[in-house]
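Protein chains in written order, with my numbering: chain A, 1 to 207; chain B, 1 to 207.
It is worth saying that the hints were derived from the structure and are not from the lab. It is possible that some hints are incorrect.
Heads up, the list lumps identical chains together, so a pair's fine if it works in one copy or across two of them.
Calculated pairs, EDC-like style, for lysine to aspartate or glutamate (alpha carbon to alpha carbon, straight line, at most 20 Å) [what the hints assert, rightly or not]:
| id | residue 1 | residue 2 |
| --- | --- | --- |
| 1 | K123 | D95 |
| 2 | K123 | E38 |
| 3 | K42 | D95 |
| 4 | K123 | E107 |
| 5 | K123 | E68 |
| 6 | K147 | D137 |
| 7 | K42 | D165 |
| 8 | K62 | E166 |
| 9 | K123 | E70 |
| 10 | K123 | E78 |
| 11 | K52 | E78 |
| 12 | K147 | E59 |
| 13 | K62 | D87 |
| 14 | K123 | E41 |
Source: prediction; values computed, not measured.
Protein chains: 2
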Amino acid sequence: MSHSNNHVPAIVIGRLPLYLRALTQLASDGRHVTSSQELSEKLGFSSAQIRKDLSYFGEFGKQGTGYEIELLEQALKEILQVHHVWDMALVGAGDLGRALANYNGFEARGFRIACIFDSASSKVGTLINHWRVLPMDALRESVRARKIYLAIIAVPAIAAQQVADELVEGGVRAILNYAPTTLSVPPRVKVFHIDPVAGLQSMTYYL
Amino acid sequence: MSHSNNHVPAIVIGRLPLYLRALTQLASDGRHVTSSQELSEKLGFSSAQIRKDLSYFGEFGKQGTGYEIELLEQALKEILQVHHVWDMALVGAGDLGRALANYNGFEARGFRIACIFDSASSKVGTLINHWRVLPMDALRESVRARKIYLAIIAVPAIAAQQVADELVEGGVRAILNYAPTTLSVPPRVKVFHIDPVAGLQSMTYYL
Numbered sequence: 001m002s003h004s005n006n007h008v009p010a011i012v013i014g015r016l017p018l019y020l021r022a023l024t025q026l027a028s029d030g031r032h033v034t035s036s037q038e039l040s041e042k043l044g045f046s047s048a049q050i051r052k053d054l055s056y057f058g059e060f061g062k063q064g065t066g067y068e069i070e071l072l073e074q075a076l077k078e079i080l081q082v083h084h085v086w087d088m089a090l091v092g093a094g095d096l097g098r099a100l101a102n103y104n105g106f107e108a109r110g111f112r113i114a115c116i117f118d119s120a121s122s123k124v125g126t127l128i129n130h131w132r133v134l135p136m137d138a139l140r141e142s143v144r145a146r147k148i149y150l151a152i153i154a155v156p157a158i159a160a161q162q163v164a165d166e167l168v169e170g171g172v173r174a175i176l177n178y179a180p181t182t183l184s185v186p187p188r189v190k191v192f193h194i195d196p197v198a199g200l201q202s203m204t205y206y207l
Numbered sequence: 001m002s003h004s005n006n007h008v009p010a011i012v013i014g015r016l017p018l019y020l021r022a023l024t025q026l027a028s029d030g031r032h033v034t035s036s037q038e039l040s041e042k043l044g045f046s047s048a049q050i051r052k053d054l055s056y057f058g059e060f061g062k063q064g065t066g067y068e069i070e071l072l073e074q075a076l077k078e079i080l081q082v083h084h085v086w087d088m089a090l091v092g093a094g095d096l097g098r099a100l101a102n103y104n105g106f107e108a109r110g111f112r113i114a115c116i117f118d119s120a121s122s123k124v125g126t127l128i129n130h131w132r133v134l135p136m137d138a139l140r141e142s143v144r145a146r147k148i149y150l151a152i153i154a155v156p157a158i159a160a161q162q163v164a165d166e167l168v169e170g171g172v173r174a175i176l177n178y179a180p181t182t183l184s185v186p187p188r189v190k191v192f193h194i195d196p197v198a199g200l201q202s203m204t205y206y207l
């Protein structure tokens with residue numbers, strides 16, 4: 001198997017986590033083999049699309065016998081680099097930050113919250129789950145010292161750019177951004193936006 | 001202005017909420033006119049892309065003078081049908097449901113939580129923000145009686161399909177799904193998935 005960051009379209013990369021999620025679900029149902037047809041029914045992409053996406057990374061399926069779930073799952077984990085667990089900094093200890101801190105679905109899929117930051121003195125020092133909330137002015141040095149490359153921004157829109165700047169200065173290279181605003185970051189830094197309202201609006205168009 | 005559901009690619013529709021969000025932000029900064037160039041810098045899409053996307057819906061910009069922010073904002077709200085506020089059912093009153101119930105960014109962008117459901121008898125009847133949590137077995141009839149067409153699923157993956165089935169039976173036509181699983185719904189029903197881990201995995205590929 002070989003792959004290069006330069007040649008696989010970002011839209012294909014964006015679908016790999018969904019393939020992986022479906023495979024993990026099949027494996028947990030005790031299944032060993034699947035097909036592009038079955039994945040197509042589960043995910044809503046065409047089976048041709050799925051075969052083409054996977055073909056960027058090698059030959060996984062056999063004509064007529066389909067995909068070995070465990071092998072493909074492992075391959076996708078390696079391609080996405082989630083065969084080990086990444087430490088993340090969570091910035092923002094409000095309702096959303098709290099929900100993320102208590103979410104137990106991260107670790108099985110390659111991620112772990114390592115520290116939580118907030119700017120409110122009323123929150124700093126309090127415990128959320130088993131983390132003690134750290135002050136925002138420790139953010140940059142803390143992520144740098146711990147070699148944390150991923151962060152989640154769960155602060156209000158107005159504070160998000162400043163947080164992003166400090167994360168980038170601390171060496172963070174990928175940001176999951178829950179603030180409903182576009183962040184300006186250097187090209188080397190990846191940002192993935194989570195905006196539920198944008199999702200809702202893209203559906204009301206059709207209603 | 002005219003538009004048809006059949007002719008505009010879904011990927012274009014998916015970008016409109018981001019244009020709208022950027023325009024609203026500019027307006028709140030006191031601005032009156034913008035350009036595809038400025039929107040490009042804010043959003044990271046090319047200005048040609050932005051002009052092409054908007055041209056599906058009419059002539060908004062003038063050569064050399066750009067877009068009138070308020071006019072374009074209003075037009076996008078009408079296209080996305082968020083010039084009025086939609087009632088939503090929220091299913092799941094755990095940490096995530098609670099964070100969503102307390103989120104104050106919905107209404108200005110066209111949405112309002114109208115009722116909250118949970119299956120746990122320990123949660124039913126309790127207050128979250130100003131909503132009293134309703135029992136899951138009231139879900140289908142409740143959304144039908146209130147003519148609610150949008151819902152948010154914030155329950156564990158294992159319960160999500162059952163909830164989706166009941167929502168669809170109750171007449172819901174668009175679902176924002178936070179459960180990390182793919183839902184099977186009739187083609188007329190729209191689903192938008194929010195899976196933060198999939199977002200993280202699509203970034204670790206590049207690290």
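Hint check results:
Within a single copy, K123 and D95 get their C-alpha atoms as close as 12 Å, and across copies as close as 18 Å, so both meet the 20 Å cut-off. For the identical chains of this complex, K123 and E38 are neighbours neither inside a copy (47 Å) nor across copies (37 Å), given an alpha-carbon limit of 20 Å. For a Cα distance limit of 20 Å, the shortest separation of K42 from D95 qualifies neither inside one copy, at 32 Å, nor across copies, at 28 Å. Taking identical chains as interchangeable, the C-alpha atoms of K123 and E107 are never at most 20 Å apart, the minima being 25 Å within one chain and 27 Å between chains.
For a Cα distance limit of 20 Å, the shortest separation of K123 from E68 qualifies neither inside one copy, at 48 Å, nor across copies, at 42 Å. When the C-alpha separation of K147 and D137 is checked against a cutoff of 20 Å, the pair qualifies only within one copy, where the shortest distance is 17 Å, while the shortest distance between copies is 48 Å. In the homo-oligomer, the alpha carbons of K42 and D165 lie at most 20 Å apart only across protomers (16 Å), although the nearest pairing inside one protomer, at 39 Å, exceeds that limit. For a Cα distance limit of 20 Å, the shortest separation of K62 from E166 qualifies neither inside one copy, at 48 Å, nor across copies, at 39 Å.
Taking identical chains as interchangeable, the C-alpha atoms of K123 and E70 are never at most 20 Å apart, the minima being 43 Å within one chain and 39 Å between chains. Taking the shortest Cα distances, K123 and E78 never come within 20 Å of each other, neither inside one copy (38 Å) nor across copies (41 Å). In this homomeric assembly, K52 and E78 come within 20 Å of each other (Cα to Cα) only inside a single copy, at 19 Å, whereas the closest approach across copies is 38 Å. In the homo-oligomer, the alpha carbons of K147 and E59 never lie at most 20 Å apart, since the shortest distance is 35 Å inside one protomer and 49 Å across protomers.
Within a single copy, K62 and D87 get their C-alpha atoms no closer than 36 Å, and across copies no closer than 48 Å, so neither meets the 20 Å cut-off. For a Cα distance limit of 20 Å, the shortest separation of K123 from E41 qualifies neither inside one copy, at 46 Å, nor across copies, at 35 Å.
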